[in-house]
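**Student:** Sequence:
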Amino acid sequence: MEEITFGKLKISKDSLTLLIAEIADSHNGKVETAKKMIKEIKQAGANVAKFQLHLPDVEMVPGSIQMWDGPLYDILKKNLFTPEMHREIMAYCEEIGLEYLCTPFCPAAVDILDEMGVKAFKTGSGELTNLPLQRKIAKISAKTGKPAIVSTGMSKWEEIAETVKVYEEEGAKSNLILMNCTSEYPPNDYSHANLGLIPRFREEFGVWVGQSDHTVDNYTAYAAVALGAKVIEKHFTLDRNQKGPDHAISLEPAMLKELVEGIRKIEVGSGAERRVSKEEQVVRDWAYHSVVAAKNIKAGEILSLDNLMPKRPGSGIEAKYLDPLYSDKLLGKRAKNDLPKDTILKWEDVE
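As numbered in the working numbering, residues 840 to 1190 make up the sequence shown, in order.
The reader is advised that the hints may include incorrect statements.
Claimed, not checked - As a list, the in silico EDC-like pairs of lysine to aspartate or glutamate whose alpha-carbon atoms are at most 16 Å apart:
#	residue 1	residue 2
1	Lys-1172	Asp-1162
2	Lys-878	Glu-1091
3	Lys-1104	Asp-853
4	Lys-875	Asp-864
5	Lys-874	Asp-953
6	Lys-878	Asp-1078
7	Lys-852	Glu-1042
8	Lys-852	Glu-1106
9	Lys-958	Glu-998
10	Lys-874	Asp-913
11	Lys-975	Glu-1009
12	Lys-1172	Glu-1187
13	Lys-1096	Asp-1078
14	Lys-982	Glu-1001
15	Lys-875	Glu-933
16	Lys-869	Glu-927
17	Lys-975	Glu-1008
18	Lys-874	Glu-927
19	Lys-917	Asp-864
20	Lys-869	Glu-923
21	Lys-852	Glu-841
22	Lys-878	Glu-934
23	Lys-1137	Glu-1190
24	Lys-881	Glu-1091
25	Lys-869	Asp-1078
26	Lys-881	Glu-1097
27	Lys-874	Asp-1078
28	Lys-978	Glu-1008
29	Lys-1082	Glu-927
30	Lys-917	Asp-896
31	Lys-1150	Glu-1140
32	Lys-978	Glu-954
33	Lys-847	Glu-934
34	Lys-1096	Glu-879
35	Lys-1175	Glu-1187
As the list claims (entries may be wrong) - Label pairs and their computed distance ranges (CB to CB):
#	residue 1	residue 2	range
36	Glu-1097	Arg-1123	53 to 59 Å
37	Ser-1143	Asn-1033	55 to 61 Å
38	Glu-841	Gly-1108	24 to 30 Å
39	Val-1122	Asn-1033	37 to 43 Å
40	Arg-1039	Ser-1154	46 to 52 Å
These aren't lab readings, by the way, just hints derived from the structure by calculation.
Small disclaimer: the values here were computed from a predicted structure and weren't measured.
We put the beta carbon where it would ideally sit given N, CA and C, even for glycine.
Kindly generate the complete structure, drawing on both the sequences and the hints.
**Tutor:** Shown next, in the form of structure tokens:
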């Protein structure tokens, strides 16, 4: 798969995991709160602060969707950022060294973000099957090379395949990142995480894959990285006890920092080369087994399984030379000098 560029960030085989802190509307409609959250995200070591651009009159029928705190239309109207506020926030992200990312929920919002000059697009799971919106983003992606990050929660396999096909038809598949996601807030059963979809998406669709995670802890995010996720998205808040959308399922600053540190350790520990480190060599020298004289052996005596045995430490001839795989190189040869019982044999002890 080809390398993807998102502003100053890269997604490739050897790149570090891209970490998105999803603020969404947890700023409660306040720019200063959003800026404080962005600072915390930066301090935690994440790469991206993500928001949502809502145009409620365009994206939904007023009063048609009831949520925990009233109609969704009213909740969004109360907490949304205007395009001007988004521009201010995007500039602030750039100022402190974070990438800005924002989810559109209608084609008009895509136009606004495109005009703002965003460096990538991210769609929520609810927009997966909105193929006109996906195609609009795919066209922009094909023209500009900007990545399109697409969440797949609550979907059927064939719906995901249809969306991938849209990007393929528009010549933007190489810029597509599919996000495994469970649209439960939070999931009440870890079996719903379906982390096995991460390698499956990669293998069957040939695209980079990430995990958009709504669990209240970091376990599935860690597992996702180990399974090959190149992007992790977690909701973020300053305080889970606040009233409002998403706060209860979001990571607070300390947990976000823990997530970043844990993922970076997993990345360092994900090598696939089996070699002996200097630290392991110290243990190897005593924990491995050597060929040892099982009894007193006189000079010129034939070495055999009757007078040799494997014992620790591992500082002599390796014990494998007593096994049929290698024994022809040792057994049947003669001792060069007297070898008292428990002598750790060296090759210079063998004729």
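**Student:** Could you run down the list of hints and mark each one as holding or not?
**Tutor:** The hints, checked one at a time:
Using a Cα cut-off of 16 Å, the hinted pair Lys-1172 and Asp-1162 holds, with the two alpha carbons roughly 15 Å apart. For the proposed pair Lys-878 and Glu-1091, the alpha carbon gap of about 13 Å is at most 16 Å, so the pair holds. With a C-alpha separation of about 15 Å, the suggested pairing of Lys-1104 with Asp-853 holds against the 16 Å cut-off. As the CA atoms of Lys-875 and Asp-864 are separated by approximately 14 Å, the hinted pair is consistent with the 16 Å bound.
Using a Cα cut-off of 16 Å, the hinted pair Lys-874 and Asp-953 is violated, with the two alpha carbons roughly 22 Å apart. The straight-line distance between the Cα atoms of Lys-878 and Asp-1078 is roughly 15 Å, inside the 16 Å bound, and the hint therefore holds. For the suggested pair Lys-852 and Glu-1042, the alpha carbons sit about 14 Å apart, so the restraint of at most 16 Å is met. Taking the CA atoms of Lys-852 and Glu-1106, the gap is about 12 Å. The hint holds against a cut of 16 Å.
For the given pair, Lys-958 sits about 26 Å from Glu-998 by alpha-carbon distance, which is inconsistent with the 16 Å threshold. Only pairs whose Cα atoms come within 16 Å are accepted, and Lys-874 paired with Asp-913 is rejected, the gap being roughly 24 Å. Only pairs whose Cα atoms come within 16 Å are accepted, and Lys-975 paired with Glu-1009 is accepted, the gap being roughly 9 Å. Distance hint between Lys-1172 and Glu-1187 is fulfilled; the C-alpha atoms sit about 12 Å from each other, no more than 16 Å.
For the hint pairing Lys-1096 with Asp-1078, the CA-to-CA distance comes to about 14 Å; that is within 16 Å, so the pair holds. Under the criterion of a C-alpha separation no larger than 16 Å, the hint pairing Lys-982 with Glu-1001 is inconsistent with the structure, at around 21 Å. The straight-line distance between the Cα atoms of Lys-875 and Glu-933 is roughly 14 Å, inside the 16 Å bound, and the hint therefore holds. In summary, the hint linking Lys-869 to Glu-927 is supported, as the alpha carbons are separated by about 12 Å, within the 16 Å threshold.
Using a Cα cut-off of 16 Å, the hinted pair Lys-975 and Glu-1008 holds, with the two alpha carbons roughly 12 Å apart. For the hint pairing Lys-874 with Glu-927, the CA-to-CA distance comes to about 10 Å; that is within 16 Å, so the pair holds. At most 16 Å may separate the alpha-carbon atoms for a hinted pair to count; Lys-917 and Asp-864 meet this at roughly 10 Å. As the CA atoms of Lys-869 and Glu-923 are separated by approximately 13 Å, the hinted pair is consistent with the 16 Å bound.
Straight-line distance between C-alpha atoms of Lys-852 and Glu-841 comes to about 9 Å, which keeps the hinted pair within the 16 Å bound. Restraint check for Lys-878 and Glu-934: satisfied, since their Cα atoms lie roughly 11 Å apart, inside the 16 Å limit. Distance check on the hinted pair: Lys-1137 and Glu-1190 sit about 13 Å apart at the alpha-carbon level, within 16 Å; holds. A threshold of 16 Å between alpha carbons decides the hint, and for Lys-881 with Glu-1091 the separation of about 13 Å falls inside it, so the pair holds.
Between the alpha carbons of Lys-869 and Asp-1078 the distance comes to roughly 15 Å, so the proposed pair stays at or under 16 Å and holds. Proximity of Lys-881 to Glu-1097 is assessed by CA-CA distance (about 13 Å); at most 16 Å being required, the pair is judged to hold. Of the pairs offered as hints, the one joining Lys-874 and Asp-1078 holds, with about 15 Å between alpha carbons and a cut-off of 16 Å not exceeded. A threshold of 16 Å between alpha carbons decides the hint, and for Lys-978 with Glu-1008 the separation of about 9 Å falls inside it, so the pair holds.
Using a Cα cut-off of 16 Å, the hinted pair Lys-1082 and Glu-927 is violated, with the two alpha carbons roughly 25 Å apart. With a C-alpha separation of about 13 Å, the suggested pair Lys-917 and Asp-896 falls inside the 16 Å cut-off, and the hint holds. Of the supplied pair hints, the one linking Lys-1150 and Glu-1140 is violated, its CA atoms being roughly 20 Å apart against a limit of 16 Å. With a C-alpha separation of about 14 Å, the suggested pair Lys-978 and Glu-954 falls inside the 16 Å cut-off, and the hint holds.
Taking the CA atoms of Lys-847 and Glu-934, the gap is near 13 Å; set against the 16 Å cutoff, the hint holds. Taking the CA atoms of Lys-1096 and Glu-879, the gap is near 9 Å; set against the 16 Å cutoff, the hint holds. With a C-alpha separation of about 8 Å, the suggested pair Lys-1175 and Glu-1187 falls inside the 16 Å cut-off, and the hint holds. For the pair Glu-1097 and Arg-1123, the supplied restraint of 53 to 59 Å is violated, since their beta-carbon distance comes to about 33 Å.
A beta carbon spacing of about 58 Å between Ser-1143 and Asn-1033 agrees with the range 55 to 61 Å that was offered as a hint. Distance hint check: the CB atoms of Glu-841 and Gly-1108 are about 27 Å apart, consistent with the given range 24 to 30 Å. Restraint check, Val-1122 to Asn-1033: a C-beta distance of roughly 39 Å satisfies the suggested window 37 to 43 Å. A hinted range of 46 to 52 Å for the beta carbons of Arg-1039 and Ser-1154 is consistent with their spacing of about 48 Å.
This entry does not satisfy hints 5, 9, 10, 14, 29, 31, 36, going by the numbered hints stated previously.
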